[in-house]
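**Student:** Each chain, letter by letter, is given below.
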Amino acid sequence: MSSNVMFSRPAWIAVVLVAALAALLPVLHLAFPPGHALHVSAYAMGLAGKFMCYALAALALDLVWGYTGILSLGHGLFFALGAYAHGMYLMRAIGRDGVYQSDLPDFMVFLDWSAYPWYWAGTDSFWYCLALAVLAPGVLAFVFGYFAFRSRIKGVYFSIITQAMTYAFMLLFFRNDTGFGGNNGFTDFKRILGHSVTAPETRAVLYLATLACLVGALLLCRWIAASKLGRVLQAVRDAESRLMFIGYDPLRFKLFVWTLSAMLCGVAGALYVPQVGIVNPSEMSPANSIEIVIWAAVGGRGTLVGPILGAFTVNGLKSWFTAAFPDLWLFALGLLFILVTLFMQKGLLGLLKRRPAAPAAPDSPASPASPASAEGAAKSEKEAA
Amino acid sequence: MNSVVKRAGLDTAHGVILYLDDVTVSFDGFRALNKLSLEIEVGELRCIIGPNGAGKTTMMDVITGRTRPTSGSAYFGQTMDLARMSEPDIAGAGIGRKFQRPTVFEQHTVFDNLELAIRMDKGVRRTLFARLDSAQRDRIAEVLRLVRLQGQENRLAGLLSHGQKQWLEIGMLLMQEPQLLLLDEPVAGMSDAETARTAELLNELRGKHSIVVVEHDMGFVAEIAQQGKVTVLHEGAVLAQGRMDQVQADERVIEVYLGR
Amino acid sequence: MKSWRYLLCGAALVLQGGAGPVAHAAIAPAALQALAGDDPDARMQAVSDIAAQADGDAARVLRALKNDTLYATPDGKVYIVDGPSILDAATGKPPVMPDAKPGATLAAASAVMPAGLDGIVVNNRLRGAVDAALSGLALLSPRRAERLAAARALQGSEPDAGQTILLRKAAGVETDAEIGALLRQLLAMADLRAPDAATRKQAVAALAGSVDPQARRMLQAMLARSAGSTPGHAPDGAAGAVDAAGGAHGEPDPGVRAAARAALDAINARAARTEWIGNLFYGVSLGSVLLLAALGLAITFGLMGIINMAHGELLMIGAYTTYGCQSLFRHYWPGALDWYLAAALPASFLVAATAGMALERTVIRWLYGRPLETLLATWGISLMLMQLVRTLFGAQNVEVANPAWMSGGVTVLGTLVLPYNRIAIIGFAFLVVGAVWLVLTHTRLGLFVRAVMQNRRMADCVGVPTGRIDMMTFGLGSGIAGLGGAALSQLGNVGPDLGQAYIIDSFMVVVLGGVGQLAGTVIAALGLGEANKLLEPLAGAVLAKIAILVFIIVFIQRRPQGLFALKGRSVE
Amino acid sequence: MQARRTFVTRIAAAAALLAAGLPAYAADTIKVGILHSLSGTMAISETSLKDVALMTIDEINAKGGVLGKKLEPVVVDPASNWPLFAEKARQLVANDKVAAVFGCWTSVSRKSVLPVFKELNGLLFYPVQYEGEELEKNVFYTGAAPNQQAIPAVEYLMSKEGGGARRFVLLGTDYVYPRTTNKILRAYLKSKGVKDSDIDEAYTPFGHADYQTIVANIKKFAAGGKTAVISTINGDSNVPFYKELGNAGLKATDVPVVAFSVGEEELRGVDTKPLVGHLAAWNYFQSVKNPANVEFIKKWKAYAAAKKLPNAASAVTNDPMEATYVGIHMWAQAVEKAKSTDTDKVIAAMGGQSFQSPSGFTLTMDATNHHLHKPVMIGEIKGDGQFNVVWKTKQPLRAQPWSPYIKGNEGKQSM
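These protein sequences, in sequence, are chains A, B, C and D.
Every letter in the first sequence is one number past the one before it in our numbering, and letter 99, counting from 1, is 770.
Every letter in the second sequence is one number past the one before it in our numbering, and letter 39, counting from 1, is 1148.
Every letter in the third sequence is one number past the one before it in our numbering, and letter 41, counting from 1, is 61.
Every letter in the fourth sequence is one number past the one before it in our numbering, and letter 94, counting from 1, is 103.
Treat the hints as calculated values from the structure; they're not laboratory data.
Keep in mind that a hint or two might mislead.
[What the hints assert, rightly or not] Cross-link-like lysine to aspartate or glutamate pairs, in silico, EDC-like; alpha carbons within 16 Å at most:
{"no.": "1", "chain 1": "D", "residue 1": "K169", "chain 2": "C", "residue 2": "D58"}
{"no.": "2", "chain 1": "D", "residue 1": "K401", "chain 2": "C", "residue 2": "D59"}
{"no.": "3", "chain 1": "D", "residue 1": "K40", "chain 2": "D", "residue 2": "D67"}
{"no.": "4", "chain 1": "D", "residue 1": "K169", "chain 2": "C", "residue 2": "D88"}
{"no.": "5", "chain 1": "D", "residue 1": "K201", "chain 2": "D", "residue 2": "E143"}
{"no.": "6", "chain 1": "C", "residue 1": "K86", "chain 2": "D", "residue 2": "E143"}
{"no.": "7", "chain 1": "D", "residue 1": "K316", "chain 2": "A", "residue 2": "D998"}
{"no.": "8", "chain 1": "D", "residue 1": "K260", "chain 2": "C", "residue 2": "D138"}
{"no.": "9", "chain 1": "D", "residue 1": "K401", "chain 2": "C", "residue 2": "D58"}
{"no.": "10", "chain 1": "D", "residue 1": "K317", "chain 2": "A", "residue 2": "D998"}
{"no.": "11", "chain 1": "D", "residue 1": "K127", "chain 2": "D", "residue 2": "E143"}
{"no.": "12", "chain 1": "D", "residue 1": "K282", "chain 2": "C", "residue 2": "D88"}
{"no.": "13", "chain 1": "D", "residue 1": "K421", "chain 2": "A", "residue 2": "D768"}
{"no.": "14", "chain 1": "D", "residue 1": "K421", "chain 2": "D", "residue 2": "E145"}
{"no.": "15", "chain 1": "D", "residue 1": "K391", "chain 2": "C", "residue 2": "D88"}
{"no.": "16", "chain 1": "B", "residue 1": "K1144", "chain 2": "B", "residue 2": "D1130"}
{"no.": "17", "chain 1": "D", "residue 1": "K106", "chain 2": "D", "residue 2": "E143"}
{"no.": "18", "chain 1": "D", "residue 1": "K127", "chain 2": "A", "residue 2": "D768"}
{"no.": "19", "chain 1": "D", "residue 1": "K307", "chain 2": "D", "residue 2": "E145"}
{"no.": "20", "chain 1": "D", "residue 1": "K78", "chain 2": "D", "residue 2": "E68"}
{"no.": "21", "chain 1": "D", "residue 1": "K235", "chain 2": "C", "residue 2": "E295"}
{"no.": "22", "chain 1": "D", "residue 1": "K78", "chain 2": "D", "residue 2": "E345"}
{"no.": "23", "chain 1": "D", "residue 1": "K298", "chain 2": "C", "residue 2": "D138"}
{"no.": "24", "chain 1": "A", "residue 1": "K861", "chain 2": "D", "residue 2": "E128"}
{"no.": "25", "chain 1": "D", "residue 1": "K79", "chain 2": "D", "residue 2": "D67"}
{"no.": "26", "chain 1": "D", "residue 1": "K146", "chain 2": "D", "residue 2": "D375"}
{"no.": "27", "chain 1": "D", "residue 1": "K229", "chain 2": "C", "residue 2": "E295"}
Since we're looking at a predicted model, the values are computed, not measured.
Please take these sequences and the hints and turn them into a complete structure.
**Tutor:** Structure (structure tokens):
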């Protein structure tokens, strides 16, 4: 019996538990001196923070892919736009501490610019930039999505043009004359709201903010998924035309979830910049967008925990491999992707939940989500409820 | 362009719910519909038969807004120009369509399928905050009974038998409380028993809705057409029209359709 | 360069003695010594002096110098060391040495010679002089090709007095029309300096047909005003403008100036035309590259609907196979090195095809009907393939050389050079397209392929071995990609990242062309190529590329199914 | 929902692994980090630097190591991913507690790790010629600053020997190094009386592979007078550029191209016959003749063969490799002098360190600006992919990281 209950009791407990544990990291980081057994190094915390941003992006992507069956190969762009938007503030916040002691960022001084271009207006305000980090991806997604969905672009075609979009933006941002620092992008941040970005306290706060956003996003997505709208989204994925003929306008639903997802990605990006200390156009490279997809797939698409799990697993492995076997790690990672797609259609989460497989839904390029994993989706909905 | 629940503007003053007037549809030269004219009266159950490629499905497409007529006009009631409305609007206005191949939401339970179809404001916001009230639950239960799926409501639609899917789809149409039901081969691939039950079902619906049934199965048609009108399509135009026995007697029909 | 006067005498000698070397005169050791020294001007002088001898020895030494085969010992003895043979530069005979047999190898030689036998370094300046000198000699060569090359080589700079004399001589005896024209143009440049206006006027007229940038520069100089005037900016040269405040014109006589202006206009007009034609060619060329890159994908993605992210790596495999063949030829069959492509093409096709089939059997076959999952799997594959190549061949690019017949280019319209390798690749691209078309339309395999792609179940029922067809289709696509890689290796990098450079463009082309539409792919590729090349001069490389991408996005909005969308009755 | 629990354990695991994981390091070795991309787009250039670094470390260990301890290299792969560079740098310095890090190639990778080294007071040796406009206490730059590469090259081109070029095409990939270099060169050329109309500046995107139009433009521009091309094209685009150049019949004697990022390693990927005579400016060429270099080349070839590096047979040395080699040796010397690996002590000891480098000169580390005094050499490409050194400075030049040709740099010459 379908209902709008968000989480079952155990699920609630789990969420709170995980959040609490995650929130413990910065405390340990601050409370205990380096070397102490319980000390959590800035490195570990930074890593976890970074992963949480990735997780947020993966979660956002899964909302459109896993639930609505729209595969975006351009989410890296939304992520990057959020990052750049926040980066603009961080650049302004450097003030005169730059190499050329100018009010302008070094790269502008360097291009002999004497004033900020118009699109930098207002970026000295933290809150404006934060809003921008959400709105810029949102607006872009809305416009792009409106036209794409209106002309009923589906499946592969949609994926490819999203890829074209992010690729075009990457080239644009690589240009020095575009006014976003070209290849070097934004880096060497000094302070955020007056606090040094490298101070442990600032780090802790950023980390907690990220955690809060991630949990918030999780709850939001869960709420949407559990609502009737969530079921409509899956209906879009499985039989869009039927949905149309019972009176729903798929365009609006797709647009809604697509834009929302882009905004979440923007948030992830905004949180990402200060923690890694650099944003550059390669964040927009098609490969990065594909990686986000892979996180969702590895964790288990069509679920909400899956993408988070996936983001942590893949990036955790990446961080470890690149240090442990620098020459071979790509083999391992590549193999992982292949195995996951071949044998774990429900991703890692699928492994954790033993459930009988269900019959395949009619499958076509227009409904990308594989029947089995869609099944997984439907199921995980059920028992979360 | 919110699809509205109250059938604003559906004006059936002249007792006619659907007009097709000189509708022509051509794909790169090939005329799927050729000056097709047709009228469906309120509460009528009309059977439409015709050999493959006669244009039955294209006609459905035109009525439901999937295909735009190359020329001619299609009106829902006196006022609604179907050629100007989007699929969802048409559905919202009260035309329900069942496809040839049963299409239901396989990953949803039977209950969810019906709930999704329920007649209400289907905009994004309303959907997001939608809650089922008891009246709606009763309605769902009623339809479940009607389409003989009681006790199945928590099964995934994908697990239903072919016939059950057909019924579920019809049930979804009923949830929309449509004025006009378009049924494209409702008994295709059904066992005799299922066919019989479907016939019963349609007979129950007779009068409550205007119904257009496109079907090959003559036996079935004969069963549900009763004294009602039967239309024979051929090469995108009406070949003959009249009571079943008349039509069956018409030698042109025998020529092209029963073919010998 | 007064040396040209000697050169003239030498040349005269050569003429008298008919073609071919004359009485043998060894080369002055002093000159050689200077050549070996490190006073740049002395070395230039030495080149002139040697050139002045204008005989076989001189030519041999100069060529040796040009080809880095001229060696010197610290005490200034100079030898021509070419592979196994050693010659005394001065005499052109094997060096007279106590215990070295004639034709001893460099190693042997250096063993007996004073230590520190070392190559004589040539820099551009010296090389330029050597080239000029050699061309000067070649002007009188009996072989047309050599004379033509020489005449061409002499362009680009104004001939000096000595050169002029030689040129007149050569022009006098030149029988070939084309060469004659070139020589006359060179002479005309000299005549521009002539004292009397009439000669100058003739010269100007003669130069109207010239493609030599130097000629253009000189004409501009004539029109420019001497004071504060820049070449390239020609003020209005109407008669009477002379006494205007701007100072005197480079050319005093208004009549000649008018002629010069006319000539200059003619030259510029021709240049503009040539540039336009050039852009068109570049577009086609780029288009053919895109086509070769995308064609394989048009089959695997277009026909089979497999989002093959490893497509780029299949290109790479093709390129590396080409590299492998080249290395093998180098090693075992250096004589036929120029023809290594003949082996490389089939090889790259087979290797890539095999790799493709292996992928299809092991991974992709399990993912049919789940196109977006193949994307992930093939992405993983592409990562592994790249790393594999890195471990096998190293992260650095490997060298794939154009065969001799593919390097250089044909000069059309005087200035426009169409590189042979690009011409070859354009031709090749269309050959491959033709072949694919034939396979798909005129063979049983093609029939099956189309059948399976249109209705797998039905094909299955009528007994088409769909499994095998899938494998072979994918193999075909991969093989084509391999061919593409082989072709691309002739233009750019062959490295582990080769594939990444093309994968996105390939997808754009296929999608733009319309999935499953071979013709669409061809048109899309050429269209994008042209568009890109016509935009680039206006917007620059980056913006041009962005514009193209935006265009693609917008276009897909208009025609979601690509260029060649199939309209039809909606099917549920 | 057990998924959530494993998700917890994963965080915990990750944290444990990464935080607690590595700081346990043996006291009898000194760890040094090697931070070069072994995958991704930069692997092309950086892989060989990793190998040279390892070779140098072996060499030092063979001589008994430093302070009587063996050096223990920690190799990581930042995969040409700039944020990953920062992460890896932190891991090396904070977790592995390495005494020094040798690495980075692109400007952006350096910029992305800088904050880390400043924050953790680590030590970075950067072996690549770069744009300057930077001076960091924690970084030692063993590559060339613009005045140690670009300007002498242009001087040469303008000289009689160099062909007396009067017009210049500044051609580069669109990122900070070419931009800066060209900015400096433009200012320099102006100071030499070259008019703006005689300078043409053009940029191409990364990985640009189609140089038809560009080459055509160069040809057109060159029609206006004796022209030279100054190329700051990024490694990977050079092959297509040079192939186009060769086939379009632009000979070095007509339009010489001088490149700042093309060395022996890059030329391995090109058929150099059509390129004979084009130039490159570096502080070292494999072809320079002196005992130190002979030794260096011999060691490298032996190492490549021993480690079975891919196509070891054709192994070559180049400038950044030499810079890496020098950097590691100087660091070792400094540690010996400081009797400690403590960053500040080593920084102090680095000043004035000198080393007999394969370039045939004795290089000295400038105490005030952390750059090496380097000789400048101009080489012409030969048919065999090596370079003829056609010009070199008499003695090493002091680096000017803050180019006097960029305004606002006055009096910024040291820290």
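**Student:** State for each hint whether it applies.
**Tutor:** Hint-by-hint comparison with the structure:
1. For the proposed pair D/K169 and C/D58, the alpha carbon gap of about 15 Å is at most 16 Å, so the pair holds.
2. Only pairs whose Cα atoms come within 16 Å are accepted, and D/K401 paired with C/D59 is accepted, the gap being roughly 15 Å.
3. Under the criterion of a C-alpha separation no larger than 16 Å, the hint pairing D/K40 with D/D67 is consistent with the structure, at around 13 Å.
4. Among the hinted pairs, D/K169 with C/D88 is inconsistent with the structure: their alpha-carbon atoms are about 22 Å apart, more than 16 Å.
5. The hinted pair formed by D/K201 and D/E143 fails the criterion: a straight-line CA distance of about 26 Å is larger than 16 Å.
6. Distance check on the hinted pair: C/K86 and D/E143 sit about 43 Å apart at the alpha-carbon level, beyond 16 Å; violated.
7. Under the criterion of a C-alpha separation no larger than 16 Å, the hint pairing D/K316 with A/D998 is consistent with the structure, at around 14 Å.
8. Taking the CA atoms of D/K260 and C/D138, the gap is about 26 Å. The hint is violated against a cut of 16 Å.
9. Proximity of D/K401 to C/D58 is assessed by CA-CA distance (about 13 Å); at most 16 Å being required, the pair is judged to hold.
10. Distance check on the hinted pair: D/K317 and A/D998 sit about 14 Å apart at the alpha-carbon level, within 16 Å; holds.
11. A distance of roughly 13 Å separates the Cα atoms of D/K127 and D/E143; the hinted pair therefore holds under the 16 Å criterion.
12. Restraint check: the Cα-Cα separation between D/K282 and C/D88 comes to about 12 Å, which is no more than 16 Å; the hinted pair holds.
13. With a C-alpha separation of about 15 Å, the suggested pair D/K421 and A/D768 falls inside the 16 Å cut-off, and the hint holds.
14. Taking the CA atoms of D/K421 and D/E145, the gap is near 12 Å; set against the 16 Å cutoff, the hint holds.
15. For the hint pairing D/K391 with C/D88, the CA-to-CA distance comes to about 9 Å; that is within 16 Å, so the pair holds.
16. Proposed proximity of B/K1144 and B/D1130 is supported: the alpha carbons are some 7 Å apart, at most 16 Å.
17. Of the pairs offered as hints, the one joining D/K106 and D/E143 is violated, with about 25 Å between alpha carbons and a cut-off of 16 Å exceeded.
18. Of the pairs offered as hints, the one joining D/K127 and A/D768 holds, with about 15 Å between alpha carbons and a cut-off of 16 Å not exceeded.
19. Distance restraint check for D/K307 and D/E145: the Cα-Cα separation of roughly 34 Å exceeds the 16 Å cut-off, and the hinted pair is therefore not satisfied.
20. Annotation: proposed proximity of D/K78 to D/E68 holds, straight-line Cα distance about 13 Å (limit 16 Å).
21. Between D/K235 and C/E295 the CA atoms are separated by roughly 21 Å; this puts the pair beyond 16 Å, and the hint is violated.
22. Distance hint between D/K78 and D/E345 is fulfilled; the C-alpha atoms sit about 11 Å from each other, no more than 16 Å.
23. Note on D/K298 and C/D138: the hinted pairing holds, with a Cα-Cα distance of about 11 Å set against a maximum of 16 Å.
24. Between A/K861 and D/E128 the alpha-carbon distance is near 11 Å, which keeps this suggested pair within the 16 Å criterion.
25. Straight-line distance between C-alpha atoms of D/K79 and D/D67 comes to about 9 Å, which keeps the hinted pair within the 16 Å bound.
26. For a cut-off of 16 Å, the pair hint linking D/K146 to D/D375 stands: about 12 Å separates their Cα positions.
27. Distance check on the hinted pair: D/K229 and C/E295 sit about 9 Å apart at the alpha-carbon level, within 16 Å; holds.
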